[in-house]
Amino acid sequence: MSSLNTEPNLPNPDAAYEALVEAHRGISETESAALNARLVLILSNHIGDLSVLKSAISLAKKAG
Amino acid sequence: MAERKSVYQFGYRRSADQDSKSPVRRPVVIVGAGPVGLTAAIDLAQRGIASVVLDDADRIGEGSRAICFSKRSLEIMDRLGLGERLVEKGVTWKVGKVFLGEHQVYAFDLLPEAGHKMPAFINLQQYYLEGYLVERAAELPLIDLRWRNRVTAVERHNGFARLTVETPEGEYRLDADWCLACDGARSKVRDCLGLKFEGHTFEERFLIADVKMSAEYPTERWFWFDPPFHSGQSALLHRQPDNVWRIDLQLGPDADPEEEKQPSRVLPRLKRMLGDRKFELEWVSVYRFNCARLKKFVHGRVVFAGDSAHQVSPFGARGANSGIQDAENLVWKLALVLKGEAQECLIESYELERGQAADENIGHSTRSTDFIAPRTKHERVLRNAVLQLAPHTPFARRMVNSGRLSVASEYDTPLSTKDLEAFGGSAKLGLPIPDAPIEDRDGKQCFLLQTLSDDFELLYVKDGARPNVPEGLRLTVIGEDFIDRDGVFASRFDATPGSAFLLRPDHHLCARMRRYDGNRVREALARAKGISK
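Heads up: the sequence lines are chains S and Z, in that order.
So that you can map any letter, position 4 of the first sequence is 4 in the working numbering, and since no number is skipped, the others follow by simple counting.
So that you can map any letter, position 319 of the second sequence is 319 in the working numbering, and since no number is skipped, the others follow by simple counting.
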């Protein structure tokens, strides 16, 4: 079991951010929310670790 | 439609207990002649324990209640002499399909494995099960079944419970060493003791319609999210015997239950689903449900089992099936206590084991309900995201939750003796043992489970002479008493010559060892009876 990595982990973070932004360009708010939901599910499964997911959820809640 | 027509009718008969000046004392009084109460009474009788069963009605009514009976329930019923009759009358199924709109997103097969006597599931109207149970109970002189006996008060005393019972000929009192409250979701016994459920009620309303029609749909469980005929909601279609189909339609939280029951509302909804087919309505009801339980199931000499102890949503078939397992779990322990072969503290393990099962059932049922009926806009967005991903990805198909169907609970229990050696196979400590096809002494093909006794039993894999097992333990030697011709037993139990498997009276595995060891078996047996060193 690993813990949530909050250190820089993407070789090119700006490009990753850009990819996320581009994904939401030109779609409605409803479509954006649905897209985010699908993304969260896909990435959760990719992480494959409930404790990491729960740490991520609690960090996301705390930061907002 | 609201009046239940009776399917079976029984008569009230005066009991001699009603003429007694002081309350007659009975070892076991069971309140409620539903599936749970009757399972308990029959199992007790098979173990030589007499019981009185009180029921406020005098008939079994039609209507939509439980329809899906799981393999585990059928195995229990088989031990009580009803398994084959239920399977013969019931509709056997194992495939479920889930649709999003018009498209299938997911399918499951509940029992891909051969070599089990009982199927994964049958569908059968609850009134048939109850009718068969009443007939079976009538064959057993130890069961005293009293119709139109309504319990109106329960007093707890030291070592017994005193019931006040109302009949068409007035009131009488009855004392019970043990009172089993199997009187359902609206339990009178629970009210009398002032006990409350802990949990929550879901706001969502659902329409149940049992519809009689000849239709070409396959014998599968079909579940739709957002079907074209019932936009934005969910729907379920499932076959029962006699050309009756269970239809379950989600109505939303604001639906008016009285209005929605009217044929003028129901028929158009069903026509949108069923098209031009001719159908008759057998039953309609609109319901909401709880996922809740009593904190404790054992209150002195009053013990709660089934819906009186815990309630779940119908998705997952975890209501009647868990109640039947409650009854079985309780009865062998109660029989040992009443015979003086175990101490009263053994009943605490009922609380522990079936409490675990109730939590598991409530957990599954709550998650299914949250998936089927999202409570907020954002929950719905997330749920729909799963459904949208399901056709494209295996992980999302696994997340689609239209009800996780009842399987036996694995007990984490002090009655089990921990493994000292590693075992593979599908047999697990704390679970009921898997069935296996075997050959008996006469070369006849049969199944392992049907050969088992109602008592503690040791399965020993032949390796030389028969071991001398402790007194009161039934020994079955594989390789002598039956032959594991196809090796299925060996593979499901990871059994090697000399290994031994100790079964509880409810056929849960409670100890196993690679080499038979008399002391370990003796200790494991004592532990399983709740006798601590």
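Rather than coming from a laboratory, the hints here were simulated on the basis of the structure.
Any given hint could turn out to be false.
[What the hints assert, rightly or not] No more than 20 Å apart at the CA atoms, straight line, and that leaves these computed lysine to any residue pairs for SDA-like:
1. Z:Lys-377 with S:Leu-35
2. S:Lys-61 with Z:Glu-379
3. S:Lys-54 with Z:Arg-205
[Unchecked claim] Residues from chain S that keep clear of chain Z, each with C-beta distances beyond 10 Å, as calculated:
4. Asn-9
5. Val-21
6. Leu-41
7. Leu-53
8. Ala-56
9. Leu-59
[Claimed, not checked] Chain S residues, not near chain Z, derived (Cβ > 10 Å throughout):
10. Leu-4
11. Pro-11
12. Asp-14
13. Val-52
All residues carry an ideal CB built from backbone N, CA and C; glycine is no exception.
Against the structure, the hints:
| no. | hint | result |
| --- | --- | --- |
| 1 | Z:Lys-377 with S:Leu-35 | 15 Å, holds |
| 2 | S:Lys-61 with Z:Glu-379 | 16 Å, holds |
| 3 | S:Lys-54 with Z:Arg-205 | 32 Å, violated |
| 4 | Asn-9 | 22 Å, holds |
| 5 | Val-21 | 20 Å, holds |
| 6 | Leu-41 | 6 Å, violated |
| 7 | Leu-53 | 13 Å, holds |
| 8 | Ala-56 | 15 Å, holds |
| 9 | Leu-59 | 19 Å, holds |
| 10 | Leu-4 | 20 Å, holds |
| 11 | Pro-11 | 26 Å, holds |
| 12 | Asp-14 | 27 Å, holds |
| 13 | Val-52 | 16 Å, holds |
Violation of the numbered hints given earlier is confined to hints 3, 6; the remaining hints are satisfied by the structure.
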